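K.L.:
Sequence:
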Amino acid sequence: MKLSYRWVIVAAGALMTCVAIGAMFSLAIFLEPMSLDTGWSRAGISSAMTLNFLVMGLGGFAWGAIYDRVGARPVVFAGALLLGLALVLASRTGSLTVFQLTYGVLVGLAASAFFAPMIALTTAWFDTNRSLAVSLVSAGMGVAPMTISPFARWLITAYDWRAAMFDIGVMAWVLLLPVAFLVRQPPAAVAATDGAPAPATDDPGMSVGQALRSPQFLVLGMTFFACCAAHSGPIFHMVSYAMACGVAPMAAVSIYSVEGLAGLGGRLLYGVLGDRLGVKPVLITGLLIQAAVISAYLAVSRLEQFYVLAVIFGATYGGVMPLYAVLAREYFGPRIIGTVFGAATMLSSLGMAFGPLAGGMIYDAYASYSWLFIGSALVGLGAAGIAIAFPPQPSRQRLQMA
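Reminder that position 81 of the sequence shown reads as 81 in our numbering, one-by-one numbering, no gaps.
If you're looking for bench data, these hints aren't it; they were derived computationally from the structure.
The model shown is predicted, which means the values in this text are computed figures rather than measured ones.
Heads up, a few of these hints could be off.
[Said to hold, decoys possible] Just the calculated beta-carbon pair ranges, DEER-fashion:
#	residue 1	residue 2	range
1	Gln305	Pro187	47 to 55 Å
2	Gln210	Asp364	38 to 46 Å
3	Met243	Ser4	43 to 51 Å
4	Leu298	Tyr5	45 to 53 Å
5	Gly39	Gly246	18 to 26 Å
6	Gly265	Tyr366	30 to 38 Å
7	Val208	Ala296	38 to 46 Å
8	Phe181	Gly39	39 to 47 Å
9	Asp364	Leu303	20 to 28 Å
10	Ala365	Met243	13 to 21 Å
Glycine is no exception: its CB is placed at the ideal position from the N, C-alpha and C atoms.
All chains, please: the whole structure from these sequences, using the hints.
P.N.:
As structure tokens, this is what we get:
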């Protein structure tokens with residue numbers, strides 16, 4: 001295999017994250033029609049998303065460990081099979097509890113088979129331009145609101161929420177199963193662009209246990225957790241919040257799409273900046289911007305105002321997310337990257353699980369999302385504070401061993 005094949009890996013990873021994460025996050029589009037049709041509470045439906053993130057966290061750790069042992073292709077193939085099955089089953093459920101289990105558990109487990117393993121695989125294929133490559137794979141998540149979400153909204157309008165969810169499940173099978181066969185591990189010892197073996201310093205020689213107890217991982221995991229806890233609630237409830245402010249349903253979905261488009265640009269921008277300026281300062285700056293924008297949502301009510309903030313918010317949260325994988329690769333090397341980044345993803349998923357449920361409970365209690373945005377902004381500031389404690393990167397100082 002030629003090194004140029006690594007761009008095929010990037011394209012496959014971007015498509016997989018688009019379909020998988022887009023299918024999971026489309027629950028935000030299903031929230032209102034499901035609640036109206038079934039009588040289920042928004043908090044009850046939102047709790048399926050909370051389960052998504054909890055299971056996605058555990059699954060990311062497990063799939064990452066499996067990736068380190070058998071490679072990426074078996075992992076993503078299993079994830080593709082499970083994702084379609086989960087959505088088809090969830091579309092047929094007749095009770096809230098069964099829906100929470102099928103959508104919350106199975107979709108979360110399936111989605112976790114793509115993000116951490118494909119990000120880890122991409123870092124293994126790239127030595128130079130690593131931040132950009134990881135950002136491009138992660139860009140699939142940014143494309144999802146522009147593709148899967150409007151598609152879901154159109155299907156719901158044309159048919160109903162059950163038919164829409166069923167069709168998206170079938171689409172996941174059609175798109176992901178063939179692409180899984182394109183996924184390959186990099187040639188042995190390939191790291192540099194000229195094909196030379198990677199230097200020994202590329203791997204610090206840590207065991208998994210040592211890595212997970214190191215100060216580098218503790219700061220990485222805590223920052224990732226707080227970052228996701230800050231933006232998950234506003235992302236998930238943005239459509240409902242805009243509608244509560246008087247924005248029409250389809251226009252409200254378009255805000256979500258604008259965030260996705262901005263996130264695509266933000267991933268590219270932050271990826272390039274991370275390669276040129278260093279990951280740590282770019283990450284801290286992005287976290288500070290994220291906290292400021294979340295608080296600004298309290299002052300908007302018109303569609304054009306939502307669009308302005310959506311551009312900044314989407315670019316920021318989309319831009320910072322891939323940087324955690326780059327830090328993990330630089331701190332811990334390629335040998336255990338799947339397990340280590342899977343563990344970091346597990347912590348981030350716990351943060352992602354908090355926002356949707358908290359937002360649903362806040363709205364059910366106060367018929368307002370104000371406290372969601374206030375709390376999320378404060379957590380976002382905390383994430384920036386934790387990120388300042390990142391130890392020097394390995395290029396400047398040897399890894400500290402626990």
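K.L.:
Are the hints correct? Go through all of them and say.
P.N.:
Results of checking the hints against the structure:
Distance hint for Gln305 and Pro187: a CB-CB separation of about 51 Å, consistent with the stated range 47 to 55 Å. Restraint check, Gln210 to Asp364: a C-beta distance of roughly 45 Å satisfies the suggested window 38 to 46 Å. For the pair Met243 and Ser4, the supplied restraint of 43 to 51 Å holds, since their beta-carbon distance comes to about 46 Å. Separation of Leu298 from Tyr5 is about 48 Å and conforms to the stated range, judged on CB atoms against 45 to 53 Å.
Taking 18 to 26 Å as the suggested C-beta distance range, the pair Gly39 and Gly246 conforms, at roughly 25 Å. One distance hint, 30 to 38 Å for the beta-carbon pair Gly265 and Tyr366, holds here, with the actual separation near 35 Å. At about 41 Å, the CB distance of Val208 to Ala296 agrees with the hint of 38 to 46 Å. A hinted range of 39 to 47 Å holds for the C-beta pair Phe181 and Gly39, which are about 43 Å apart.
In this structure the supplied range 20 to 28 Å holds for Asp364 paired with Leu303, their Cβ-Cβ distance being about 25 Å. Evaluation of the 13 to 21 Å hint for Ala365 and Met243 yields a pass: the beta carbon distance comes to about 18 Å.
Going down the numbered hints, you'll see the structure goes against none, and every one checks out.
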